[in-house]
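J.: Start from the sequences and build out the full structure, keeping to the hints where you can.
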Amino acid sequence: MNTAASEDTGHPPAGSGPLVDGITQLLEAAAADKPHAARELLPLVYRSLKELADRQMLGERRSHTLQATALVHEAYLRLVGTAQCRWDSRAHFYAAAAEAMRRILIEHARRIGAKKRGGDRVREIANVADLADEECLSDALEIDAAIEALRREDPRAASVVHLRFYTGLSIDETAAALGIAPTTVDREWRYARSWLLRRLKLDGRGATSP
Amino acid sequence: MNAAGRERVKELLSRAALLPAAERAAFVHRESGADAAIAAEALDLLQTLEDSEFLAAPTGAGFASTFAEPHFGEGAGSRIGRYKLLQRIGEGGFGAVFMADQTEPVHRRVALKIIKAGMDTRQVIARFEAERQALAMMDHPNIARVLDAGTTDSGRPYFVMELVRGEPVTRYCDREKLSVPQRLELFRDICYAVEHAHQKGVIHRDLKPSNVLVSVADGRPLPKVIDFGIAKATAAPLTDKTLFTDMHQLIGTPEYMSPEQAEIHGVDIDTRSDLYSLGVLLYELLVGTTPLDRGRLRATPLAEMQRIIREEEAPRPSLRLATLTSSSGAGRFNTADEPARDAGSSAMDVARCRRSEPTTLMRALRGDLDWIVMKCLEKDRRRRYGTATALADDVGRYLRQQPVLARPPSAGYQIRKFVQRRKRSVLVAFAITMVAAAGLTATLLQARRANSEAEQALAVNEFMREILTSVQPGNRGADVRLVEVLSSASRSAAQRFAGHPTQEAAVRDMLAEVYSNLNECRESKAERRRAVALWSATLGPDSPEALVSEAALARTLIALEERTEAAAILDGLLPRMERVFGPDDLWTLMTRKYLADVYTLHRRYDEARAILTELRTHPVLAEDDARQLDLLLSQIRIDKNLQYSTSEEGPVPEITRRLEELAAECAQRALRRFGPGAPLTLETQLWQAEFQCHSGRYPAAAQTARALLDATAEAFGECHQIRLDAMDVLAFSLAGLGEEREPAELVLRKVECMRPKMDPGSPILLGAMSQSLDFLSRAGRATEGEAMARELLTALRTYGGVHDLIDVTTEFYVAHFISMQGRLDEADALYNPLLSRIPDLTKGGEVQAQVLYGSHLVRCGRFEEAERSLLDAVAITGDARRGVGGHVYPDNLLVEFIALYDAWGKPEQAAEYRRLQNEVLKLSAQSSPQ
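Respectively, the protein sequence lines represent chains F and U. Each residue of the first sequence is one higher than the last, beginning at 1 in this note's numbering. Each residue of the second sequence is one higher than the last, beginning at 1 in this note's numbering.
Read the hints as simulated data drawn from the structure, not as lab findings. Some hints here could point you the wrong way.
Computed from the model, here is a short list of chain F residues facing chain U with C-beta under 7 Å [as the list claims (entries may be wrong)]:
| # | residue |
| --- | --- |
| 1 | R187 |
| 2 | R190 |
| 3 | Y191 |
| 4 | L197 |
| 5 | R198 |
Which chain U residues stay away from chain F? Per the calculated CB distances, all over 10 Å, these [to be verified]:
| # | residue |
| --- | --- |
| 6 | L147 |
| 7 | S215 |
| 8 | L319 |
| 9 | R397 |
| 10 | R616 |
| 11 | R627 |
| 12 | R637 |
| 13 | E740 |
Even for Gly, the Cβ is constructed at its ideal location relative to N, Cα and C.
T.: Listed below in structure tokens is the structure:
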């Protein structure tokens, strides 16, 4: 995954159509490990999430919240509905949702040209919802860059963060989605939090030092 | 930091997180052992996150309530199929239970349990369907019927059961203050209910108080066991992956789980698992707590939890009660060996809930009830009651004051008591290996020949009991070594079992096993030979007993590096094993592993590696942690040998790195599987130290090795192999740091430890002697060096060289030590014929020979020749820091240069080399993990 590339590929395909049937099939296909399905899934989820996010962030900006999980949930209901769907299909949905959420945030931050904040402020980011604040949006870029840096060193820890941070999945759900043990998720998550924060602080120091 | 290091950091962080903030730093320091880089990284990360809100609440508010709820619709008021949910009456790790109305075909009130997300619904339902027939046949007043199962609209499985309005049996008993006999009556009802299910072929798998609900009907308590069939349906096949997905949910509740259920591949669960859980339930009814501490189990990582369930013996109920009392401060019963953790329940409270007094209650429990409970809790299910009825009947016998069937002390139990009486770690470690061996023998006997099994096992057990109880602390001191006990057992066995050769064979097998665990390989070999002979004579050479015993003999020979005989035995043995046991039998496979080890001893590494690679992926072994570890260790051995034998340049960094990672992985797996202080754990830690040493991380290596020396001395005595190896690593590390005195002491001590245990021609012994020469030389101990070198030379000529060139090198050392003592002409005479052999030596040997000869020339005042010799050595290594045998000798060559220029009167050159030497030493001292 490449941050720069999201400018080009991240935009949803134009036009719209009935989604519900299509996405259920796509999810099942993705679960059956058909790569095309995963590829086609992302734009659909992206579009749905983006609509919802825009409404929340722009239309109802007074609330200043971006409930990632609520958004993902709502997107899921809109796209998949209550049709029967196996868990591993849902796992694919979450993976797509995490990526979609990331792109929405980054795009948004770029659009408003968010200014970099001091290094220590990032300590207060407790979850993705905290990024919805306009003055915090620049942190989205920094956090994303940090996650990418982590991925180069430790792909598994980065996947855990990616999923858990951008969609707010619980430890158990993240474990199920990634097919690893909850204890492993917990361990990776703890490590990744420290690692990311340390990196963000170092970056911050670099930027503010004379 | 490499991947292995990072994994260790993660491990440290997650374990530290369980501790109070103030204790974390100390914990990290303690647990990171010698590895300063890992400690530093862990501490830095810990501190970074301290008090930080960063990503502290990734799951946004409102999420938990929308998703975690049996979500996608179901809640009070909604409908699922024919059922209307009325109100939530319970929830847990599994999901949620609702009271619900069934509308058709009959109108009734039911309990509906929705299993939470994360499982493959189709599989759950399929498994349930498979058992539906059996469940339908269950009809018992003490069993709540399972009526239906299905899938909710959101795709999750649900179960519909008879609605029971009761409370968990333990809570009911305490609230009603039932006496012990009343509780036992209630318990018997539960047993009969479980028996009924067992007879219909249904195993519960998750018996615990919350699944035994008691309501009151007609003024009498009516226990009902709920959830029959559900645990099985919701338990995915126990692979690693599913087990880890959600342990509590998938395979039961740890405190009530039988050891076989806790095994990852414990797929074959039978009715005796339920017997174990019933035992836990009975324990709790009697003393108010579970045998294994709930809080502790819950707070433990999974692997450790499994180990506890598998291995830890609970105190007998009466003893546990005593523990509770002592913790509440009464102090009358100080026999307790562990502090109670249930703060709230003192023995007084427990007794009061049973309308009794602590002392009275304890008297009631001691003896028969203790044994009944402990029989249920046997780790080996063959020792438990065969059926729930048998358990209920024995409880009935107790109530009628008849003798119970449960019998005290098995041999294993005796051994454990033996250990408990003498709480010395020496004995603990020894006796644990003994228990393991006893278990092994029993398994072997029982698995292979069931008819004479009971008699045989009894005789062996009885013998062991006699041996162990004959040791009186009074007359021989509390610290009797197990080896002495064993040797007296060995002496008396022949007479004791005269006329019963198979019993003697079984005892010899066990003694051999224990000796082998204690690394007393020669005794082990002797016992094993006798066992093999006895089995072959009585049951035939192709009997399972003889075959298995012979395989073990091969293993011992491998440990002794008697490779020719080991190879001969395996040659004849493997085809027979394949014929008798089949090619995929565990014994056959492990015997093939021994063959790989023999190949390794013959330095036929490719063949060895091929076997190991095949075995590691063999389905029988793939899931078996302990065997995998075993195979991994054999692979490491190959790499280690490769490292020493094929490389003339010193360690190949790539192999060193691979080895370090392999060893780290092994150490972790061993720690997880066997706990700290276990031989295998120590051995893998040893290798870590060794590889640290190879990569020039001397301070870390020295620290690890020293810690190992302490730990092993305490646990295994002075001369255990692991300890000897640790001495080795320590000597090299210290030498790397420029020490001279202690390394020499260490290698001398090592040789002295080995002498009495080894044949005088043993390659291991000769290798150690050869190794000591250099250390003696550096410490300036020339006379001892000469004696050692001469002895080694004689041995090499008598027994044949191990490494073909070792005797040339040794001759160099003889000359060297003579030269050191100032007998220059004598040395000269020895050196002269040797010089032509120098080009035959390995690169390292060549350097060493040139250095030794160079130092001799310096002593003779032949400075120009000396300089040439030393420069030759430099030219060969290309690096003055490299030396013999792949180890780094930072000052070896440099010291000689300094001596040369000092003697020659060239102070500038001498100063130059001194400066270089200081730099090298500084580098070694600073070297730390990258």
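J.: Hint by hint, note whether the structure agrees.
T.: To see whether the hints hold, each was checked on the structure:
{"no.": "1", "hint": "R187", "verdict": "holds (4 Å)"}
{"no.": "2", "hint": "R190", "verdict": "holds (5 Å)"}
{"no.": "3", "hint": "Y191", "verdict": "holds (4 Å)"}
{"no.": "4", "hint": "L197", "verdict": "holds (5 Å)"}
{"no.": "5", "hint": "R198", "verdict": "holds (4 Å)"}
{"no.": "6", "hint": "L147", "verdict": "holds (22 Å)"}
{"no.": "7", "hint": "S215", "verdict": "holds (33 Å)"}
{"no.": "8", "hint": "L319", "verdict": "holds (33 Å)"}
{"no.": "9", "hint": "R397", "verdict": "holds (45 Å)"}
{"no.": "10", "hint": "R616", "verdict": "holds (22 Å)"}
{"no.": "11", "hint": "R627", "verdict": "holds (22 Å)"}
{"no.": "12", "hint": "R637", "verdict": "holds (30 Å)"}
{"no.": "13", "hint": "E740", "verdict": "holds (42 Å)"}
Hint violations for this structure: none, all hints satisfied.
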